[in-house]
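Same order as they appear, the protein sequences are chains C and S. Residue numbering for the first sequence follows my numbering, beginning at 1 and increasing consecutively. Residue numbering for the second sequence follows my numbering, beginning at 1001 and increasing consecutively.
Just so you know, the hints here were simulated from the structure itself, not pulled from any lab data. Hints may contain errors.
List of simulated lysine to any residue pairs, SDA-like, C-alpha gap at most 25 Å [to be verified]: (1) K258/C with D63/C; (2) K1278/S with K258/C; (3) K8/C with R1111/S; (4) K107/C with K258/C; (5) K1115/S with T1173/S; (6) K107/C with Q1273/S; (7) K107/C with I1124/S; (8) K107/C with T1173/S; (9) K1115/S with V281/C; (10) K3/C with I1124/S.
Chain C is faced by these chain S residues, among others (derived, beta-carbon under 10 Å) [as the list claims (entries may be wrong)]: (11) V1023; (12) L1051; (13) Y1060; (14) F1112; (15) D1176; (16) F1194; (17) W1251.
Glycine is no exception: its CB is placed at the ideal position from the N, C-alpha and C atoms.
The primary structure of each chain is shown beneath.
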Amino acid sequence: MEKRVLFKSAWLPWVLVAPQMVIVLVFFFWPAGQALYQSVLQEDAFGTSREFVGWENFQRLFDDASYLASFKTTAVFSLWVAASSMSLALLLAVMANRVARLAGFYKTLLIWPYAVAPVVAGVLWLMLFASPYGVIAYALQAMGLPWNHLLDADHAMALIVMAAAWKQVSYNFLFFLAGLQSIPQSLIEAAAIDGASPWRRFWTIVFPLLAPTTFFLLVMNVIYAFFDTFGTVDAATHGGPGKDTSILVYKVYYDGFKALDMGGSAAQSVVLMLIVIALTVVQFRFVERKIEY
Amino acid sequence: MMIERRPILDFFTHVILLAGVVVIAFPVYLAFIASTQSAEQIASSHPLSLLPGNHVLDTYRLALFGGKTYGGATIAAGWPMMWVSLVVALTITIGKIAISLLSAFAIVYFRFPFKGAVFWMIFITLMLPVEVRIGPTYEVISNLGMLNSYAGLTVPLIASATATFLFRQFFLTVPDELVEAARIDGAGPMRFFFDVLLPLSKTSMAALFVIQFIYGWNQYLWPLMVTTSEDMYPIVLGIKRAIFGEVYIEWNVVMATAILAMLPPALVVILMQKWFVKGLVDTEK
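Only chain C is shown next, with the shape it has when bound in the complex (with noise of 0.2 Å):
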């Protein structure tokens, strides 16, 4: 698309774009680039000396037990955030489209978990199941469930999820709530006159409208997931006990700046690109349906 109208210069519009283009190769082309190089060759810890390895970064970290394991992690730990925090933003939008005149109160109170930061969402969990000041770790510990998050890794990955999927609810609920807002107000009436229960035609109406909403947020909340949470693993459970937390961020970063493994590291960074450029296609083939819709 163009505008039928423009300005003639031969040496403006490269000023113009002059600041975005010189961040743009200097810090994403020229790291990028680095990433692909230094993930064919392997390098020791002090950085004396480099071979070129081909693949084998790449091998190692295939057959790395612990690298699969983290991929395992990273998508139980991803679908967990993506399920809880959209059937409460779901169930919540819901009901505030219900109550159409106090929607904007609710949503007030209900949106502002967007700006707290993932490492703040993690600390502030952590300290609800903290042995032995913890309230929620107590109140599972007095009624015969005793929460243990440093041993137990089902109770680390339950303490990163409910972190994270808690932070993600606002986002959710305002797309749920604006596809809601969206869906013709007739449909419903004509379905209330025909004498569907509302909870009727939610399941019949209203779900399947939403599904383009729903899709995105998936895409969304998977990205989230992926590489907006590292603050939020990082203090709530340190990717651990063991290693039954680390998500593939984590792992990226603490093998290349704690375990100093920069030729694995990078590998790992390209795959990460890699599935990045995979959501972002998924994400762009799903807008061109959404103009349809």
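Since the structure of chain C is already known, use the hints to place chain S on it.
For chain S alone, coordinates are given in the frame of chain C:
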């Protein structure tokens, strides 16, 4: 949505919504409670009390200005870290908006060689969030001598395809008649940019401001890597410093710091709610 009267359902609707509000607010409420108590009060109550204590001033004084606790731990002052966060968030926000306005203006209003390539190079950055290129980007910053500086904290996060697309999208909707009128008046491109386009873009700028301010304020992984000197820590990183490496976690001060860290972005969301919602929806298109 009042199709038929269902008073019982209405009642449960409010019950569920209020329960949702309470669940969402609970962790923050508890953080605030912890921040009003003294370390002894926290240490002696299992679980943590659900009612406010009377040490608000002491705790926040410690969190803001630092000092020694009764437990003997040294707390670093929080306000210089909040200042770092503010500078970082504003630099990222204003920088993004400025460079994106300029490049979107060039892409929409000029024809120049390799325009398509420029557009795609910006587009591709969408696929390279800082989280996936941390190692190599760190090396670049380190080679350029930008560790422990505001430039190192902000510049790599300033390029934004999202903002460029948002402005491009908006510029495409601006009627061509405005350009023609400006030309007839003898106004050059930059005059048109400043006098016509910028005032029209205010709404988009406000929406982006809210989203990007939150993004900048909440950065954690990047500052964790490029800052080693404590006077360049943003407040979000200060929380980490308060819980790691301490034998005994001073939960009251940690929670006061957490409250201080979330207050500015939360206020921005609540006070600029209209722009926040618009920004979220627009940037995801």
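Each hint tested on the structure:
1. K258/C with D63/C: Cα-Cα ~21 Å, so holds.
2. K1278/S with K258/C: violated, 40 Å
3. K8/C with R1111/S: holds, 7 Å
4. K107/C with K258/C: Roughly 42 Å between the alpha carbons, so the hint for K107/C and K258/C is violated.
5. K1115/S with T1173/S: holds, 20 Å
6. K107/C with Q1273/S: Holds, at roughly 10 Å.
7. K107/C with I1124/S: violated, 34 Å
8. K107/C with T1173/S: This hinted pair is violated, its Cα atoms lying about 30 Å apart.
9. K1115/S with V281/C: holds, 22 Å
10. K3/C with I1124/S: holds, 23 Å
11. V1023: holds, 8 Å
12. L1051: violated, 12 Å
13. Y1060: Because about 16 Å separates Y1060/S from the closest Cβ in chain C, which is outside the 10 Å limit, the hint is violated.
14. F1112: Holds - the Cβ of F1112/S comes within 10 Å of chain C, reaching about 4 Å at its closest.
15. D1176: Since chain C brings a Cβ to about 5 Å from D1176/S, closer than 10 Å, the hint holds.
16. F1194: violated, 13 Å
17. W1251: It holds, given that the least Cβ distance between W1251/S and chain C is near 6 Å, below 10 Å.
Hints 2, 4, 7, 8, 12, 13, 16 from the list above are not met by this structure, while the remaining hints are.
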